[in-house]
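Asker: One letter stands for each residue in the lines below.
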Amino acid sequence: MPSTRFTYAPAPESRSVVSLRPAYGLFVDGEFVEPRDGSMFTTASPSSEEVLAEVAAAGPGDVDRAVAAAARAQRDTWGPMPGKERAKYLFRIARLMQERSRELAVLESMDNGKPIREARDVDVPLAAAHFFYYAGWADKLAYAGLGPSPRPIGVAGQVVPWNFPLLMAAWKLAPALAAGNTCVLKPAETTPLTALLLAEIVQQAELPPGVVNVVTGAGDTGAALVAHPAVDKVAFTGSTEVGKAIQRSLAGTGKRLTLELGGKAANIVFDDAPLSQAVEGIVNGIFFNQGHVCCAGSRLLVQESIADAVVDALKLRLETLRLGDPLDKNTDIGAINSPGQLAKIEELASSGEAEGATRWSPSCPVPERGYWFRPTIFTGVAPAFRIAREEIFGPVLSVLTFRTPDEAVVKANNTTYGLSAGVWTEKGSRILWMAQHLRAGVVWANTFNRFDPTSPFGGYRESGFGREGGRHGLEAYLDV
Amino acid sequence: MSDAPKVPATPGELAAVAVPPPSTSGERARLAVQKTYKLFLGGAFPRSESGRSYAVRAANGAHLANAALASRKDVRDAVVAAGKARGPWSAATAYNRGQVLYRVAEMLEDRRDQFAELVASGEGVTHAAALTTVAVAVDRWVWYAGWADKIAQVAGSSNPVAGPYFNFSLPEPTGVVGILAPQESSLLGLVSVLAPVLTAGNTAVVVASELRPLPAVALAEVLATSDLPGGVANILTGRTVELAPVLARHRDVDALDLAGAPVDIEVELEQASADNVKRVLRRDATQGAWDAEPTPRRMLAFVETKTVWHPIGI
Chain A
-2 MPSTRFTYAP
8 APESRSVVSL
18 RPAYGLFVDG
28 EFVEPRDGSM
38 FTTASPSSEE
48 VLAEVAAAGP
58 GDVDRAVAAA
68 ARAQRDTWGP
78 MPGKERAKYL
88 FRIARLMQER
98 SRELAVLESM
108 DNGKPIREAR
118 DVDVPLAAAH
128 FFYYAGWADK
138 LAYAGLGPSP
148 RPIGVAGQVV
158 PWNFPLLMAA
168 WKLAPALAAG
178 NTCVLKPAET
188 TPLTALLLAE
198 IVQQAELPPG
208 VVNVVTGAGD
218 TGAALVAHPA
228 VDKVAFTGST
238 EVGKAIQRSL
248 AGTGKRLTLE
258 LGGKAANIVF
268 DDAPLSQAVE
278 GIVNGIFFNQ
288 GHVCCAGSRL
298 LVQESIADAV
308 VDALKLRLET
318 LRLGDPLDKN
328 TDIGAINSPG
338 QLAKIEELAS
348 SGEAEGATRW
358 SPSCPVPERG
368 YWFRPTIFTG
378 VAPAFRIARE
388 EIFGPVLSVL
398 TFRTPDEAVV
408 KANNTTYGLS
418 AGVWTEKGSR
428 ILWMAQHLRA
438 GVVWANTFNR
448 FDPTSPFGGY
458 RESGFGREGG
468 RHGLEAYLDV
Chain B
-11 MSDAPKVPAT
-1 PGELAAVAVP
9 PPSTSGERAR
19 LAVQKTYKLF
29 LGGAFPRSES
39 GRSYAVRAAN
49 GAHLANAALA
59 SRKDVRDAVV
69 AAGKARGPWS
79 AATAYNRGQV
89 LYRVAEMLED
99 RRDQFAELVA
109 SGEGVTHAAA
119 LTTVAVAVDR
129 WVWYAGWADK
139 IAQVAGSSNP
149 VAGPYFNFSL
159 PEPTGVVGIL
169 APQESSLLGL
179 VSVLAPVLTA
189 GNTAVVVASE
199 LRPLPAVALA
209 EVLATSDLPG
219 GVANILTGRT
229 VELAPVLARH
239 RDVDALDLAG
249 APVDIEVELE
259 QASADNVKRV
269 LRRDATQGAW
279 DAEPTPRRML
289 AFVETKTVWH
299 PIGI
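Quick mapping for you: the protein sequence lines, in order, are chains A and B. The numbering of the first sequence is my numbering, which starts it at -2 and goes up by one. The numbering of the second sequence is my numbering, which starts it at -11 and goes up by one.
No lab work stands behind these hints, which were simulated from the structure alone. Ideal Cβ placement from N, Cα and C applies to all residues, glycine included. Take the hints with a grain of salt, since some may be wrong.
Below, computed lysine-lysine pairings styled on DSBU-like, alpha-carbon distance capped at 30 angstroms [said to hold, decoys possible]:
hint: 1; chain 1: B; residue 1: Lys26; chain 2: B; residue 2: Lys61
hint: 2; chain 1: A; residue 1: Lys424; chain 2: A; residue 2: Lys312
hint: 3; chain 1: B; residue 1: Lys138; chain 2: A; residue 2: Lys424
hint: 4; chain 1: A; residue 1: Lys312; chain 2: A; residue 2: Lys326
hint: 5; chain 1: B; residue 1: Lys138; chain 2: A; residue 2: Lys137
hint: 6; chain 1: A; residue 1: Lys424; chain 2: A; residue 2: Lys408
hint: 7; chain 1: A; residue 1: Lys137; chain 2: A; residue 2: Lys252
hint: 8; chain 1: B; residue 1: Lys23; chain 2: A; residue 2: Lys241
hint: 9; chain 1: A; residue 1: Lys341; chain 2: A; residue 2: Lys326
hint: 10; chain 1: A; residue 1: Lys312; chain 2: A; residue 2: Lys341
hint: 11; chain 1: A; residue 1: Lys312; chain 2: A; residue 2: Lys81
hint: 12; chain 1: B; residue 1: Lys23; chain 2: B; residue 2: Lys61
hint: 13; chain 1: A; residue 1: Lys408; chain 2: B; residue 2: Lys72
hint: 14; chain 1: A; residue 1: Lys241; chain 2: B; residue 2: Lys61
hint: 15; chain 1: B; residue 1: Lys61; chain 2: B; residue 2: Lys72
Facing chain A, a subset of chain B residues (Cβ under 10 angstroms, in silico) [said to hold, decoys possible]:
hint: 16; residue: Asn147
hint: 17; residue: Glu256
hint: 18; residue: Lys294
All chains, please: the whole structure from these sequences, using the hints.
Answerer: Written out as structure tokens, the structure reads:
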């Protein structure tokens, strides 16, 4: 196979736009405060293992303070405020995010390990767009078609993951605030920094104290938040395992819950698909954000007649991907977010070999420091293999084949998940037929991993319930 | 089955009881033909596989009939039947679903007197009051039937995404829904929880009111003669505390309606539901008032929103 690798001079984005403090407190009632019963931990860059800052791990008392501030603000300021005033605050946040977009993008890339190109072109603009979209809903809730007199639920406890730290915070905060709720946000342990920068933006936007609170910490902090009796609504994005534990723990509490959990999406390529476009879509589907994407297209279902051609083209394309410094503007594949996640990916990839699949990775060099995993393709995968059933949450693609549309549907739906699916074909009627039969909350046709604030996103089955985005996204935050 | 409860009525006792009251029309009293109350499962009317039954009493304590005492196995069989019926029912056109459901209302209307008898004796209300309740139940079924081809328009959307895609969202049925029917309101309550689930395109496994199951069995007979495909609605009679946990734990049940859940096992049912991330519709403060006008809420609790990105290009 001829190598088509070009050489590129490094083009690193400057870190100088980010001014990191040595230590960050919790954002409670409009101010950054020291933890009272919590402790401090560090967050590091997964690409260099360099410690970026110390961050507070909120204890139960800290969570209680934040929830109390949110409840006060909901009752006294944010709840009674006319929707058109709330809207203007959210428009302000959207604008401030746009103004500080470079800073947010660089910090996201540093703390998460994702390529700056993705943070800059996807995470940050989409996060700002989300605030802009929901800002406009704040004074139009009665027209959302959810009920004649929608009311806020109260205090929302929101726990977000490390794969899209800022974007997931925006997905949670924007609709909740537009609907008149106040929020306590718990960012992931390994990626707290952009949520704290967002808290600064909230300060700059002069939101009333307590409307948005950020409590950093690990699973304990999240559990304390979810369990707090004054939290009326819980929104969680993360693993199916933790989601189930949260659903179980909320039994009998009457709290409202939405869950956005794992996935094992099928990306289905028919023999009439535009091949090079499909190959780009497959790469974007599974290698975007190092595969740390709940809706990642981790199962490639390719029609048997073109399977060899697709896999060959895919390998050729993977040889051109550049893995390395996330801040380099040429980088395609960044660092794996944490050593724990790397170990999980390695374990599952080993199981693929042990169960008899054929493993292939491009020959790209891997930096010495940091956590890295080469893009990996498994062929000869049977549906029963762990790599075809379990969410890997890493840059690992399992290739399976099918002969007929019916078989593709059966194989695609043969999972306990149901978050997303992809269909590649030039035939419009087939796209819609497939979309009808796939049990998944989002179906992309001739594209993948595309998001928009107007477009509802969320899962079927064990991928969770509730939708984020669009008119539907308001429902989770309103009593109707 | 060793765990069968005491069954008070022997066949001898049963013969002495008349439901409906013995017909005395005509020249001389004639011995009424009594009905065996059975389960409704996969479109058929089997007895419980366990062979058990239990005595159903009127509000005044009089023995009315024996109902089948469904077992855990009956629940599992019903879930299988509902699972098989799911594909065709959810794929039926909305217009067709609406017509089938409207047909149910027609059949109900025909049998208003029979239902009024059962409601009056079971709930201890006057025949006139029961007739009113039955009328509300029939009208409610008509109300839902009319929703079948409107939910997608009301709950769906086209989404103006920033890119060359036609992006739209549609509600789709969640799948197999377990329903614990209200305990007090034996017909109107049941209709109020079953109709929205079916209208939204789901299939259902219903545990009828434990103490007042007879209207549910009569409703099954209506469903069976209304072109509703077998397995779309399955109705079990028996002990809710025994059957509900089986539904809550079952991995092929996609959602659970707790309308008639006994208070002391409600938390346990919610917890068990988490094992496969079931959608759970809890009881709420308003649900007791089954004669209140319904809203689309109970249908929307059992749909999933699917969003499709369809490319635009030449």
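Asker: Does each hint hold? Answer for all of them.
Answerer: Consistency of the hints with the structure:
no., hint, verdict
1, B:Lys26 to B:Lys61, "holds, 15 angstroms"
2, A:Lys424 to A:Lys312, "holds, 26 angstroms"
3, B:Lys138 to A:Lys424, "holds, 28 angstroms"
4, A:Lys312 to A:Lys326, "holds, 23 angstroms"
5, B:Lys138 to A:Lys137, "holds, 23 angstroms"
6, A:Lys424 to A:Lys408, "holds, 20 angstroms"
7, A:Lys137 to A:Lys252, "holds, 25 angstroms"
8, B:Lys23 to A:Lys241, "violated, 45 angstroms"
9, A:Lys341 to A:Lys326, "holds, 28 angstroms"
10, A:Lys312 to A:Lys341, "holds, 24 angstroms"
11, A:Lys312 to A:Lys81, "violated, 53 angstroms"
12, B:Lys23 to B:Lys61, "holds, 24 angstroms"
13, A:Lys408 to B:Lys72, "holds, 18 angstroms"
14, A:Lys241 to B:Lys61, "holds, 26 angstroms"
15, B:Lys61 to B:Lys72, "holds, 17 angstroms"
16, Asn147, "holds, 4 angstroms"
17, Glu256, "holds, 8 angstroms"
18, Lys294, "holds, 6 angstroms"
Checked against the numbered hints given earlier, this structure breaks hints 8 and 11; the rest are met.
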